[in-house]
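Protein chains in written order, with my numbering: chain A, 1 to 197; chain B, 1 to 197.
For the record, the hints were derived by calculation from the structure and aren't laboratory data.
Treat the hints with caution; some may be incorrect.
Where chains are identical, the list cannot tell them apart; a pair therefore holds if satisfied intra-copy or between any two copies.
Stated by the list, open to error - Taking lysine to any residue pairs in the SDA-like style, the calculated list, with each CA pair at most 25 Å apart, reads: (1) 171 to 118; (2) 93 to 196; (3) 59 to 191; (4) 59 to 106; (5) 123 to 167; (6) 168 to 118; (7) 164 to 192; (8) 168 to 84.
The residues making up each chain are set out below.
There are 2 protein chains.
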Amino acid sequence: MSAPISAQMVNELRGRTGAGLMDCKKALVEANGNSEEAITILRKKGAASAAKKAERTTKEGLIESYIHVGGKVGVLIEVNCETDFVARNDGFKTFVRDLCLQIAATSPLYVSRDQVPEADLAKEREIALAQVVGKPPAAVQKIVEGKLERFYSTVCLVDQSFVKVPEKTVKDVLTEAIAKTGENIQIRRFVRFQLGS
Amino acid sequence: MSAPISAQMVNELRGRTGAGLMDCKKALVEANGNSEEAITILRKKGAASAAKKAERTTKEGLIESYIHVGGKVGVLIEVNCETDFVARNDGFKTFVRDLCLQIAATSPLYVSRDQVPEADLAKEREIALAQVVGKPPAAVQKIVEGKLERFYSTVCLVDQSFVKVPEKTVKDVLTEAIAKTGENIQIRRFVRFQLGS
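If we strip away everything but chain A, and leave its shape as in the complex, we get (with noise of 0.2 Å):
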């Protein structure tokens, strides 16, 4: 027996999530009502597309910027969407701000790992394989990624802790931004000024 889906359930449904009528609908009947469960689907199927989202074009989207309270650091940030429409969505530019405030906070230098130099990732693996001198040969490669992989989460900003839900990495929350809006989204490019610095 499955419990009745009303309208108003739909709709609360698609407010929370920004999925489509059709969507929201199936996913309350596969969820048994529990709109919760109901959104636990959807991002799951999301989830699923963003990959395939992540190759169409990005041409619309927001500039936005922070000034730290007495104009001492600042940010501006381009994050690219494929409509006009997503980027005067209120998630949308609430995701923007977010970041903002994430890099005013946090001084990333890079947007992904890929923008590392070379040399940059090259003198950190030294360092790490440095310091495990006397570790156990099976040990070391671990150790050493491990190293790495804290290296990204500082300096790259879709690897970093989300400030805002430490529990989430950037990352995830630009997925879920994604999987929301149904739409491919970019974070472009960013620059943080810190006064004399």
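We have chain A already, so just place chain B on it with the hints.
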């Protein structure tokens, strides 16, 4: 016979120029109580000492941003001065904000001409020379220099015509700000993001 200089006149002049108490009083005496003339006198004095100030260190200042309506263009700028007192001054804030608007509107590439890459300059010179083929040799250098000046006034912020008061250059307005505040002021850096470009 000199006109009497009231404390109110002195205070008003201080408010308009940001200059010191004694400087304002002296300027009013010299101008025979005419405040417009007193401002000119103060500006001349300020401008005269601007060259010396340009060597003093600037570690304070403001980071400011401007996002054009709709979030399609954004600017982030750092302007330095010597003290936090001046950084919090309304005149300084307005100057920094005006620079943001200027950059959003005119898309300069560099702060000043010393930042133009040698190769870009060589290319501009080559183009200019190609355009004057056949002109009398005596005129060639002058024409080429004129074309390079126009190039600088397009790509260099301080050489641009100031959007708010087109008869002045940004450098003129910067010199005025130095005179008004009595501090060395430097436009340290800026970035301009345009959506998808």
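For each hint, the structure was consulted:
When the C-alpha separation of residue 171 and residue 118 is checked against a cutoff of 25 Å, the pair qualifies only within one copy, where the shortest distance is 22 Å, while the shortest distance between copies is 40 Å. In the homo-oligomer, the alpha carbons of residue 93 and residue 196 lie at most 25 Å apart only across protomers (17 Å), although the nearest pairing inside one protomer, at 30 Å, exceeds that limit. Proximity of residue 59 to residue 191 under the C-alpha cut-off of 25 Å is found in both arrangements, the shortest distances being 19 Å within a copy and 20 Å between copies. In this assembly of identical chains, the alpha carbons of residue 59 and residue 106 lie at most 25 Å apart only when taken from different copies (22 Å versus 27 Å within one copy).
Proximity of residue 123 to residue 167 under the C-alpha cut-off of 25 Å is found in neither arrangement, the shortest distances being 29 Å within a copy and 53 Å between copies. Taking the closest pair of Cα atoms, residue 168 and residue 118 never come within 25 Å of each other, the shortest separation being 27 Å inside a single copy and 46 Å across copies. Taking the shortest alpha-carbon separations for residue 164 and residue 192, only the intra-copy value of 19 Å comes in at or below 25 Å, while the best inter-copy value is 27 Å. Taking the shortest Cα distances, residue 168 and residue 84 never come within 25 Å of each other, neither inside one copy (27 Å) nor across copies (38 Å).
Of the hints listed earlier, those the structure fails to meet are numbers 5, 6, 8, in rising order.
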